[in-house]
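Sequence lines, in order, name chains A and B.
Numbering-wise (the numbering used here), the first sequence opens with residue 1 and increments by one.
Numbering-wise (the numbering used here), the second sequence opens with residue 1 and increments by one.
Check the hints yourself; a few may be wrong.
Below, a list of computed lysine-lysine pairs in the DSS-like style, where the Cα atoms sit at most 27 Å apart [what the hints assert, rightly or not]:
| # | chain 1 | residue 1 | chain 2 | residue 2 |
| --- | --- | --- | --- | --- |
| 1 | A | Lys265 | A | Lys92 |
| 2 | A | Lys132 | A | Lys264 |
| 3 | A | Lys202 | A | Lys148 |
| 4 | B | Lys101 | A | Lys148 |
| 5 | A | Lys92 | B | Lys88 |
| 6 | B | Lys11 | B | Lys481 |
| 7 | B | Lys127 | B | Lys408 |
| 8 | A | Lys264 | B | Lys117 |
| 9 | A | Lys132 | A | Lys148 |
| 10 | B | Lys11 | A | Lys92 |
| 11 | A | Lys170 | A | Lys142 |
| 12 | B | Lys88 | B | Lys101 |
| 13 | B | Lys117 | B | Lys88 |
| 14 | A | Lys264 | A | Lys202 |
| 15 | A | Lys265 | B | Lys464 |
Since the hints were derived computationally from the structure, they do not count as laboratory data.
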Amino acid sequence: MSKIEKALNRAHAERGNLPTLSSVPGTGGARPTGTALVVDRNSPSASPETIAKMAVGESRLLSAADLAQRGVIHQERASDPAVQVFRELRTKIVQRSQGQNSVILVCGVSRGSGSSFVAQNLGAAFAFDPGKTTLLIDCNLKSPNMHKMTGAPVLGLTDYLENPDLDLAKIIRPVGIARFRVITVGQRRDIPTESFTSAKMKDLIDSVRQRFRERYIILDGPPMSDIADVRILSDLCDFVLVVARYGRVTGARIEHCLNTVSEKKLLGVVFNDEPSIPWFH
Amino acid sequence: MVQMHPEQIAKALLHESFSSRRMVVILFVLVNAAVLTVGWFWPKGFTASTSILVEEKNIIQPLMQGAAVATEVADRSKNVREVIFGRKIMDAILETGEWMKDRPSPEEQERIVEGIKRRTLVSTAGKNLLIIEYRDIDPERALQVTQKYAELFIQESLTAKAAESRAAFDFIEKQAQDYHTKLARTEDELKELRSANLDARAGSDAELNVRLNELYTRIVHTTQELKEAEIKGTSLEKQVSTESESIATFTREGQYQARIAELQSKLDTLRLTYHDTHPDIIQIMQQMKDMTDAMNAQREKREQSKRSGRVEPSESMANNPIYQGMRRELSQNEVAVEGLRARIAELQLQLQGEITRGKRMHNGDARFAELTRDYQVNKDIYQDLLRRRENARVSMNLDLDRQGLTFKIQEPAVLPLSPTGLRFAHFVLGGVLLGILVPLGLLFARLQIDPRIRVPSEISRTQKVPVLAVVPHLWSPAELKALRWETGFLTLLVVGTLAAAAALSVLRLMKLI
């Protein structure tokens with residue numbers, strides 16, 4: 001049982017208005033109930049309780065070792081340089097957004113730049129803070145990644161955009177990281193990118209942002225070679241983070257990509273996957 | 001081209017070599033293997049070396065200063081290569097090194113010779129020391145060839161030196177003979193000229209002038225005398241023609257009568273003063289009487305001789321003495337005139353002779369001066385040549401007796417015991433170094449050429465956009481595990497390579513393999 005579960009249980013015991021959660025044994029078998037989101041919708045305040053209630057959906061939190069296996073940082077591995085780097089990055093973004101929650105689009109310069117990795121870990125770094133939560137939306141329709149975090153294919157963004165009746169709560173999934181939710185691409189991969197321009201998409205973002213003031217929304221975008229998609233998504237977000245991978249892209253390519261993003265929204269470049277010798281930090 | 005600081009280069013190289021670790025290790029192993037293979041088959045070389053001292057000044061030179069010239073040897077060091085790589089020495093070397101045993105064809109010989117030349121190193125240490133080094137796989141042969149080189153080089157050089165001084169002597173000798181011949185010829189000509197013009201000697205010019213002057217003077221005087229004599233003769237002839245040849249002389253009677261007359265006049269004078277009794281008158285009267293008697297006697301005698309018919313010398317007709325005297329003088333004058341004329345002719349003749357001599361003398365003088373000059377010049381040169389010839393002879397003898405010996409083997413060649421040049425250990429070290437440097441060099445080249453960004457500061461420098469984070473690779477436990485295995489394996493490979501190289505090196509050193 002995680003610390004959060006313990007805390008939740010304690011809160012429940014004190015107030016007596018929430019059902020006690022019991023941890024679900026087994027791995028990958030957990031299915032998010034969406035309860036937390038229902039609660040969210042009813043009370044759009046950012047009280048610690050709400051955050052705590054969110055955690056109710058986190059049937060099982062993954063250990064540091066499990067996360068490490070999936071390439072995600074964990075607070076416990078504070079000495080890992082990557083952890084420090086993401087923390088610093090998070091702090092910089094928080095400073096830039098002046099404490100307001102914001103929508104951050106993370107795009108790789110090219111395919112394989114590791115934008116999903118950066119988005120995931122940036123989200124994790126936000127979620128380190130008990131006062132903040134993260135919602136990671138996988139917007140990379142061509143090669144989505146986030147479904148790997150949820151294990152099995154589940155309903156996601158595309159399903160939500162296509163199906164007017166689908167409840168938002170059904171697509172927001174916990175992934176075993178405290179205060180960290182994911183919306184996967186979903187099963188309807190055939191929809192055009194233009195769906196992002198729909199009002200529903202904008203509503204989705206707005207509603208998520210406005211209801212949870214402490215929630216940072218990270219869009220895992222397509223590589224910047226898909227200029228159209230990136231342009232559409234950048235309209236939806238507050239900030240854009242460009243990921244360039246060590247030894248993969250030329251300066252000219254980076255310049256080209258940076259020109260597609262408006263300067264106001266451009267946060268900067270994350271230089272990803274610099275070789276590091278694990279025994280010499 | 002990406003511009004980087006050394007620190008960035010080092011960091012980038014470290015990153016690159018880590019991310020390309022397999023390539024680095026494989027290259028390390030391959031390079032080591034290649035270098036060790038080359039080293040294994042690299043022929044061992046034994047180098048024998050000898051040094052030859054070129055003595056520029058030895059003891060004999062100051063002693064023979066001025067008398068002999070030592071042939072230069074210093075310049076020889078420059079063309080040692082040309083000397084020892086000459087066909088003659090090379091043939092001897094081929095024999096010495098026993099290359100000719102297999103009776104190689106001329107082409108093969110040429111190739112062998114080229115090889116020998118390549119392995120021969122000629123250098124100079126300082127100004128006077130020549131060092132000949134020869135490298136061979138056989139130490140014995142290295143020694144022999146090096147010895148032979150030194151020996152043949154010195155021999156060749158000395159022979160050349162001797163030939164040079166010999167040639168110099170021969171040349172000077174020939175020149176001296178030439179000049180001797182010339183001198184002799186000039187001498188003969190001079191002799192002829194002298195004997196032909198005995199009087200034509202230098203300095204007789206003044207004498208000739210004196211002589212000519214004297215002759216002129218004498219001719220003038222004699223001519224004057226002649227003229228005087230002729231005038232005298234003319235006037236004498238004139239006088240002679242006016243004077244009668246004979247004159248009528250007074251007879252004795254006449255003489256008596258003249259005397260009586262004289263006495264009479266005297267008596268008359270006395271009578272004017274004195275009486276007849278005066279002794280003087282008496283004496284004069286007496287004398288007159290005697291005279292008259294004598295005159296009578298004479299007359300009588302003349303009458304008698306007239307009758308007898310005997311011719312008496314005419315007392316009345318006698319030769320005119322003045323005439324006679326003038327005639328005599330005239331005749332003497334004629335003789336003198338003749339004599340003077342003859343003298344003038346003689347003097348003229350002498351003058352002519354002197355003039356002829358003078359002309360001849362002047363002609364001879366030019367030739368004489370020319371010959372004398374030739375003679376003097378030839379004589380000077382000849383004497384100089386004689387001196388030089390003697391110097392050359394001494395120089396030649398110096399070289400012949402090897403007294404002016406100017407080459408000395410300073411350091412004789414010895415049998416090389418340990419191989420020189422690249423040894424296996426060098427290859428081991430070189431292999432390790434190259435094994436590190438080659439991959440690093442390749443990675444560096446890739447860094448320089450590849451435009452893809454490996455240094456984050458490059459982005460902020462060129463794009464004016466901040467690099468918010470440099471995310472190091474996040475190692476998952478599985479990756480770490482794999483990396484450990486991989487690193488272990490790669491380390492093993494490197495260590496194994498090093499150990500193999502070291503083992504080979506040691507075994508080879510111990511001559512076990």
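Problem - Hints the structure fails to honour - result: Hints 4, 5 and 8 not satisfied by this model.
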